[in-house]
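Chains as they are written, first to last, in my numbering: chain A, 200 to 827; chain B, 14 to 352.
What the hints contain is simulated information worked out from the structure, not anything from laboratory work. Don't be surprised by glycine CBs; every beta carbon is placed ideally from N, CA and C. Careful: at least some of the hints might be erroneous.
[As the list claims (entries may be wrong)] Here are the simulated SDA-like cross-link-like pairs (lysine to any residue), alpha carbons at most 20 Å apart as the crow flies:
1) A:LYS629 <-> B:GLU350
2) A:LYS392 <-> B:TRP349
3) B:LYS246 <-> B:VAL269
[Claimed, not checked] Chain B is nowhere near these chain A residues, computed Cβ spacing over 10 Å in every case:
4) VAL247
5) LYS350
6) LYS654
7) THR698
8) GLY707
[What the hints assert, rightly or not] Coverage of chain A stretches by chain B, computed from C-beta distances (three or more under 8 Å per stretch; other residues unrestricted):
9) 448 to 460
10) 465 to 478
11) 485 to 499
12) 515 to 524
13) 675 to 686
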Amino acid sequence: MATIETQAPEGLNGKKVEQLETVVVRFCGDSGDGMQLAGTQFTNASAVFGNDVSTLPDFPAEIRAPAGSLAGVSGFQLCFSAHDIYTPGDTVDTLVAMNPAALKTNLSDLKRGGTLILNEDAFDRSNLSKAGYATNPLEDNSSLAGYRVHKVPMTRLTRDAVEGLGLSQREADRCRNFFALGLVYWLYERDSKPTVQWVKDKFGKNPAVAEANIRALNGGYNYGFSTESFTVHYQVPPAKLAPGKYRKITGNEALAYGLATVAKLSGTRVIYSGYPITPASDILHELSKLKHFGVVTFQAEDEIAAMSATVGAAYGGNLAVTASSGPGICLKGEAMGLGMITELPMIIVDVQRGGPSTGLPTKTEQSDLLLAMFGRNGESPLPILAAATPSDCFDLIQEAMRIAVDFMCPVIFLSDGYIANGAEPWRIPKLSDLKPVVVKHPTERNSPDEFLPYKRDERYVRPWALIGTKGLEHRVGGLEKADVTGNVEYSPTNHQHMTDIRFLKIAGIADYIPEQTVEGPESGDLVVVSWGGTYGSVRTAVRQAQSEGKSVAHCHLRYMNPFPRNLGDILKSYDKVLVPELNRGQLRFLLRNEFLVDAKGLNKIQGKPFLISEVAEAIRKFLENGSL
Amino acid sequence: MSVELPQLSAKDFASDQEIRWCPRCGDYSILAQMKKVLPTLGIPKEKFVFVSGIGCSSRFPYYMDTYGVHGIHGRAPAIATGVKLAKPDMQIWVITGDGDALSIGGNHFLHCIRRNLDVKVILFNNQIYGLTKGQYSPTSPVGARTKSTPYGSVDRPINPLCVAIGAEATFAARAVDVDIKHLTMVLERAAHHKGTAFVEVYQDCNVFNSGAFNYASKKEEKDDNVVYLEHGKPLIFGKNRSRGIRINEMSRPEIVELGGDIREDDLLFHDEKAPEPSLAFLLARMRYPEFPEPLGVFRDVQRPTYDEGVIAQVDAAVAKQGTGDLDSLYNDGDTWEVH
């Protein structure tokens with residue numbers, strides 16, 4: 200929490216106002232306490248105010264774990280700043296804990312001297328015991344020493360605030376999150392208008408509930424304003440982002456908007472087939488609302504059906520997409536192979552989560568890269584793209600479809616739980632800046648007597664004949680086929696030829712994608728190579744190292760297969776290569792294999808993104824000691 | 014405006030690929046009848062798609078000069094769903110087998126039918142795995158001695174029509190591969206049905222399960238062992254058409270001899286349009302040798318199709334909101350300007 204103005208001016212009600220650059224707030228409570236909602240609203244208020252924001256929702260896989268239990272704690276962290284930021288922050292400046300379990304599981308992330316806001320009404324014997332506290336941490340002198348503690352009787356104050364609206368006690372207590380939110384709004388001078396409007400829209404049919412939430416919000420705000428407990432509050436000025444119009448967007452929203460854009464600008468329907476799975480389901484939810492853009496959604500009976508329908512829809516001439524997470528991608532493997540050998544355009548989105556098996560459904564991880572590379576039988580290479588940030592999903596999903604259509608192949612798109620659920624400001628694009636996906640179907644035969652479905656162009660790309668076109672009748676299938684005619688063909692030399700051609704086609708995509716760039720010096724002591732959702736932490740850590748005068752560059756990959764043509768040269772321009780990943784070293788494995796470089800890994804498999812400090816520390820150690 | 018359709022013949026639907034089924038396989042007859050039926054439908058050749066899974070029967074699309082997908086094991090209905098949603102004006106035929114549809118692909122089979130996707134599903138039932146050379150299938154009878162059941166199968170077989178009717182198939186029928194005229198009629202009926210048209214074809218695998226359906230296909234036997242279903246007609250069978258099916262006081266079917274005090278009016282009359290699937294289910298459960306097995310159309314009712322519903326929602330969304338405006342999508346909700 201860098202203070203840029205220590206001489207605090209007098210604020211409203213005689214309270215001090217301090218100006219801050221960057222603040223990290225975390226709301227935590229029971230899964231039923233509405234913490235995700237409070238966090239989302241705070242994010243919105245901060246984004247609308249003009250701060251740069253980055254969020255990290257963190258919730259349990261169970262919808263409602265037993266109330267008050269450690270397993271049931273749900274949290275939402277956000278960072279808002281007066282400059283551009285790339286992560287939701289390492290340590291927390293202000294922690295709101297709605298019960299003892301939330302305090303216990305989150306306190307270690309609060310920085311020393313940080314602000315701790317507690318619902319003291321929830322610290323009763325039953326809740327304390329569920330959280331494993333032998334004594335009440337609010338009452339001893341040691342547990343919370345070193346923090347600025349505000350014990351607020353939120354349950355009671357919320358009930359008082361909503362009195363007279365005819366709400367049951369249970370309904371009244373559901374407004375506690377808005378009380379907490381209002382208090383933090385006061386603390387950081389947030390405008391509550393967007394939230395009030397949201398409440399009115401959301402509970403329009405239930406005016407008593409709407410009124411209760413607004414009263415709770417105002418109650419919290421006024422509590423901060425009037426009580427002596429809070430002596431200071433803070434301002435975080437708007438960030439100086441690139442000029443333009445902005446909105447907040449999550450990765451899954453951006454992906455859905457990108458697909459609606461593809462449908463609209465190409466004039467070809469997008470068919471999205473999916474089976475519900477965390478953390479990919481929101482893509483299906485979003486797209487099912489966007490039918491008027493030319494999007495068809497199909498909730499299939501299982502993952503295999505979703506993938507098979509995607510192959511069918513591609514044969515049917517639509518822009519076919521499916522999305523899942525690791526367990527679902529495993530099930531799709533065989534049908535992805537069918538998409539590969541039939542050489543039809545489609546996208547398979549993998550929103551990665553902690554694995555193996557069911558693993559950590561709601562936590563993030565980057566451990567499906569090798570699954571994407573090698574997770575099919577036979578020689579079955581596919582292009583792989585990986586989004587770096589939530590808003591990057593918008594651009595990159597369009598790029599994925601462009602590659603799929605231009606090269607007639609399935610494309611794997613890697614996102615992850617952190618990107619999918621995380622939000623950031625998105626500079627709204629101008630339509631004229633967007634590049635449509637161009638869909639072309641032949642209308643006539645490509646040889647005098649017959650249509651040859653596997654007759655290729657110089658890039659080994661076959662034509663995409665639209666079914667229903669007279670004279671182009673042809674069959675595709677999973678059996679090995681003769682080149683040019685596509686007829687079933689088992690001969691040894693043909694199989695070698697076809698395997699090679701399919702490989703060369705994918706490898707050749709490297710000639711059509713942009714060359715890799717680095718941030719920092721073009722050669723030097725160290726290059727840090729990252730991919731996917733670790734972009735923000737790695738970029739920030741590398742910038743810190745650069746500002747300390749270290750010879751470090753950051754190379755962030757979005758094209759995972761094939762790699763950009765110049766990647767090998769880049770890696771050889773630095774003495775050392777560090778690859779931080781949320782897995783045991785999957786990109787490192789590929790880089791070592793492809794370029795014979797002695798890359799070292801920083802590997803974290805905890806269901807959480809990297810802290811900036813973890814990457815910064817690895818950079819420092821690696822440069823100083825030559826090892827990690 | 015009248016559109017002149019080209020006169021097509023069976024030959025127009027034959028692809029140039031060499032057919033690689035075993036000699037005398039029942040599949041040949043089904044292929045031949047299919048090629049006969051398609052030109053009668055008044056649909057241009059390029060409007061057909063054949064989609065299959067894996068198995069002997071699933072090679073079918075390669076032998077038709079139409080659009081086609083030879084898919085993966087069990088997934089043909091799911092692939093067909095994608096094709097149909099992408100191109101609703103195509104007539105789609107799913108070709109599958111007892112292993113493909115009922116074992117590995119059971120889930121997709123079920124969901125295709127309950128959604129009433131507008132596709133024809135032709136299940137070649139030979140009660141054996143042919144392509145993998147002779148293991149028992151989900152329709153093999155208890156006790157079947159096969160390569161994987163040398164001591165006899167202990168699996169209770171699944172009844173394909175019961176599954177289809179249980180999922181409330183809007184069209185369900187059964188035919189026999191070599192009963193050419195009847196098979197042609199059933200395929201025609203399926204072709205004209207809107208919605209999932211399910212047809213079970215008894216198909217002889219003369220290599221691994223020869224003669225499994227002799228009771229229903231041999232001239233000298235079948236009259237006593239099958240009963241042909243005709244809408245609105247009583248169930249009468251036997252060489253001399255002297256026997257019939259009656260529903261007894263326990264609501265169970267029973268075989269009765271006509272003549273004496275039992276007249277045709279006392280028999281069970283077939284009603285393929287019955288809104289409830291109960292009658293069709295009862296008929297599907299009549300199995301040889303206890304009963305003559307019904308052949309023909311068990312059920313033929315109308316219900317909105319899945320693909321119609323999906324496309325109607327897209328059209329309705331466009332009618333209500335106009336074709337989507339990207340600018341307003343991007344700018345939906347709270348926005349702010351940075352100068």
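Structure-based check of all given hints:
1. The straight-line distance between the Cα atoms of LYS629 of chain A and GLU350 of chain B is roughly 14 Å, inside the 20 Å bound, and the hint therefore holds.
2. A C-alpha spacing of about 14 Å is found between LYS392 of chain A and TRP349 of chain B, which places the hinted pair at or below 20 Å, so the restraint holds.
3. As the CA atoms of LYS246 of chain B and VAL269 of chain B are separated by approximately 16 Å, the hinted pair is consistent with the 20 Å bound.
4. For VAL247 of chain A, the condition that its CB be more than 10 Å from all CB atoms of chain B is violated, with the nearest at approximately 5 Å.
5. With a least beta-carbon separation of about 33 Å from chain B, LYS350 of chain A lies farther than 10 Å from that chain, consistent with its non-interface assignment.
6. With a least CB separation of 16 Å from chain B, LYS654 of chain A remains clear of the 10 Å interface cut-off, as annotated.
7. The Cβ of THR698 of chain A sits about 19 Å from the closest Cβ of chain B, beyond the 10 Å cut-off, so the non-interface label holds.
8. No Cβ of chain B approaches the Cβ of GLY707 of chain A within 10 Å, the least distance being about 26 Å, so the stated non-interface status holds.
9. Look at the stretch 448 to 460 of chain A against chain B: 3 of its residues bring a Cβ nearer than 8 Å to a Cβ of that chain, three or more, so the hint holds.
10. For a cut-off of 8 Å, the count of residues in the stretch 465 to 478 of chain A with a CB near a CB of chain B stands at 3, and the three-residue condition holds.
11. Coverage of a stretch by a chain is defined here by at least three residues with a beta carbon nearer than 8 Å to that chain's beta carbons; for the stretch 485 to 499 of chain A and chain B the count is 9, and the condition holds.
12. For the stretch 515 to 524 of chain A, the stated coverage by chain B holds: 4 residues have a C-beta nearer than 8 Å to a C-beta of that chain, and at least 3 were required.
13. Counting residues of the stretch 675 to 686 of chain A whose beta-carbon sits less than 8 Å from any beta-carbon of chain B gives 5, enough to reach three: the coverage restraint holds.
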